[in-house]
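Read top to bottom, the protein sequences are chains S and X. In case it helps, the working numbering puts the first sequence at residues 1 to 361. In case it helps, the working numbering puts the second sequence at residues 1001 to 1450.
It is worth saying that the hints were derived from the structure and are not from the lab. Model, not experiment: these values are computed from the prediction. A few of these clues could be false.
Unchecked claim - Simulated crosslink set (SDA-like; lysine to any residue; CA at most 20 Å straight-line):
hint, chain 1, residue 1, chain 2, residue 2
1, X, K1435, S, G164
2, X, K1433, S, D156
3, X, K1122, S, G37
4, X, K1433, S, N86
5, X, K1435, S, N142
6, X, K1435, S, L302
7, X, K1435, S, K312
8, X, K1435, S, R90
9, X, K1435, S, W145
10, X, K1377, S, G164
11, X, K1122, S, P144
12, X, K1211, S, D156
13, X, K1433, S, A157
14, X, K1205, S, P151
15, X, K1312, S, F299
16, X, K1122, S, P158
17, X, K1435, S, D156
18, X, K1318, S, L302
19, X, K1350, X, M1067
20, X, K1200, X, E1221
21, X, K1435, S, G37
22, S, K312, X, K1318
23, X, K1435, S, L89
24, S, K312, X, A1048
25, X, K1433, S, E39
26, X, K1435, S, F299
27, X, K1211, S, P151
28, X, K1433, S, I94
29, X, K1433, S, R90
30, X, K1435, S, S161
31, X, K1147, S, G172
32, X, K1211, S, F143
33, X, K1122, S, R90
34, X, K1433, S, L89
35, X, K1200, S, N142
36, X, K1433, S, P144
37, X, K1122, S, P159
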Amino acid sequence: MIVTSASSSSSRATNSLITPGVLFILAAAYTIPPLIGSEYLFNAILAPTLALGLAALGLNLLTGYAGQVSLASAAFMAIGAFAAYNLTLRVPDITMVVSFILAGLFAAAIGLIFCLPAFRLRGFYLAISTLAAQFFVQWATNFPWVTNYSPSGVIDAPPISIFGYVVQTIQGKYFVALTIVALLTIFVARLVRTQAGLNFIAIRDNELAAKVIGVPVLKTKLLVFAISSFIIGISGVLWAFTYLGTIQAGYGGFDLNRSFSVLFCIIIGGLATIRGSYLGAAFMVAFPLLLSRVGGYLFADLNAGILENCQKIIIGALIILVLIFEPDGLSALIDRMWRKITGANKNDKEKTSDLQTIGNT
Amino acid sequence: MTKSFGMGRGYLKSLALGSLIAFSLGATPSSAEEQYFPLQVYRQGPYAAGGTGFFGGMIDYMNLINMRDGGVNGVKLTWSECETGYEVEKGVECYQRMKDHNPPPGVWTPLSVGISYAMTDKITADQVPLTTINHGRTESSDGRVFKYLFPLLTNSGSETSAIVQYIGSKFGGMENLKGKKIVILFHGSPYGKETTPLLKQLGEKYGFEVKDIEVPHPGAEQGSQWLEIKRYKPDFIILRGWGIMNPVALKTARRTGYPIDKIVGNIWSNSEEDVKPAGDAGIGYTAVTTQTSGTSSPILQDIIKTVYGANKGDLADKSRIGSVYHNLGIVNGMLTVEAMRVAQKKFGNKMLTGDEFRWGLEHLNLDEAAVDKVGAKGLFHSINVTCENHEGNGLLIFQKWDGTKYEPVTDWIKPDWAMLRPIIENASAAYAKEKGITPRNCAEEETAQK
């Protein structure tokens, strides 16, 4: 469906997707961290940023592009992670790549079930109804086989093996995560330029009007919920397999707080922008660390608890400031700064990102 | 074009940020005469009472050793803190931050089941031990599979066995447990869930019925759980709470008319901070512990005199000195330091590597006389850690809250280790299989070392 309806815009899409800039970023992402990176950079910054960023991308597609508010991101992350764990454990000789994809599809299937309220509800009411998914998944992990009879409900992700090669190093896990993230990001960037992507935006801006001009609302909503759940499911897999190594559904794992932090990522990073998802995730991961480092150096005598509370106050204040002064998020902020630095307002239209023009229509 | 450069800039910026953080890692000069302890503390958040009390006790003990003895055989104890808020991701970040410290970490103590699970593979690769006093993965008592994990004194299995013995004694003998109904009201976290399967097994053995009721984190609202309890009419309730959940449970019990003497708290529901906020509702509440509370033992007197006397004490509220969490931290500090002494006897009076520290922990044997010698008579009973048994057969005691302090109401109780060991070995064998670990041959290792 996507392919046929997108034929009119496909040439534009492919032309503008693989730009030298994108290639440069990809090349840098593959080469620079292994050159300069310590284990700390990989394990404490890059791994959570990639996983959280991918989850934010999935939610951004749903909320930013299609306007469907969801508070169940962590639930779909959990579904992906638990499904990948169980598939790897129980299906003999399954390739890890296949089990990851199946885990994503499984999350998409559950996403389709929980998107049913979206046909009737909007905004706040929809957000509340998605909470059901959050609590359902937490409850479902109480079945002992889901956690392979682990008494504490915490399970260890098995090592990643790709076509027989076992990825053991932290760099290896980073490459796996980066490749998956890059592929899915390119897919989403492509998707939002197709007719389906335009349909998402039409529904977000005015559902009734969209219906009138012939947008298949039902189909589009099903599609966006499925794709978004798939991506968030895969991000859960990354979280479990390439970052933490342990999976738990309740407190401290894929709980409601995680759903909120994914939501904060897209609000801070920028709704309906692709890079906003990653900027938001990087901010959510790196900024508290930076504050705690700086705080630790400046006020070495202060106890860790007070320092932590101060950080929470600062982060909270910054979020409010960002929302007031830059409601379009870090993505728009960086755009503006770039324009200021280059000093040129001419050809302004060209300079605004393609994605954003679509996002802002 | 510009868009891509914009992205590039954002990316480079985060890279620069990342490398800044990476390069700002530990630049402290190395000293051979110090032993470093990374502390993943939680001084804020819903579980701060446990975090401040425990780490306060541990720091007070290390300060005492430094101030009174000038360190352990001349090796000074040093430490740094990293706040986790009891959150797994932060705990892992703290691990990454502190593992490259110079001098390197001797032993980890995250005091969180979730964080210790997430660290298990990493510290095993680093060959640095991790202690989980009174908690942690039950099967990690099997040191043949979990070489670097030490659930010192007791694990949740032994603790549950002692609690069932206590409930049995309340009914006049284990045979009277037949047909009784017991509820386990547990904290909705890995720690809280851990004992339910074992309790059900014990229920089958002694013929009592078990109902598990979960209280989601943080547990400030328990109306529906206690409604369920009221309907079920249990003969006894085991409270397996953490933080705010405990006083709320006691208060709600009072409100629903459930008698307090039919509730028994587990190790993480046994502190002053659990009963004081409950006010009158907490009077008469009994809970299990591995270390008595109060300041009567010589080591506590030493800490009050030497550490708090010099205004170096870690607890801001001095009335918490000798409280359950504080004393647990002191016992943990003591076990760590004694293990260090054991290892120093073999490897010399110098800074120990993680693996040498592991050896020390595996040969930590303090009988009652030795406990008396280190000034902890009456504080805790004894410990005997071996290569096979990383738990060390600690004994437990039950204390009752009288409104102002806890008083022991039982003698030291031995858990039913003979019954628990096969369960532990089954679970650890399953783990070893899943992870592809070959269990160690402890006897061979011992002879090889001699």
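Original post:
Any of the earlier hints contradicted here, and which numbers?
Top reply: When the structure is compared with the hints, numbers 5, 6, 7, 10, 11, 12, 20, 21, 22, 25, 26, 31, 33 turn out to be violated.
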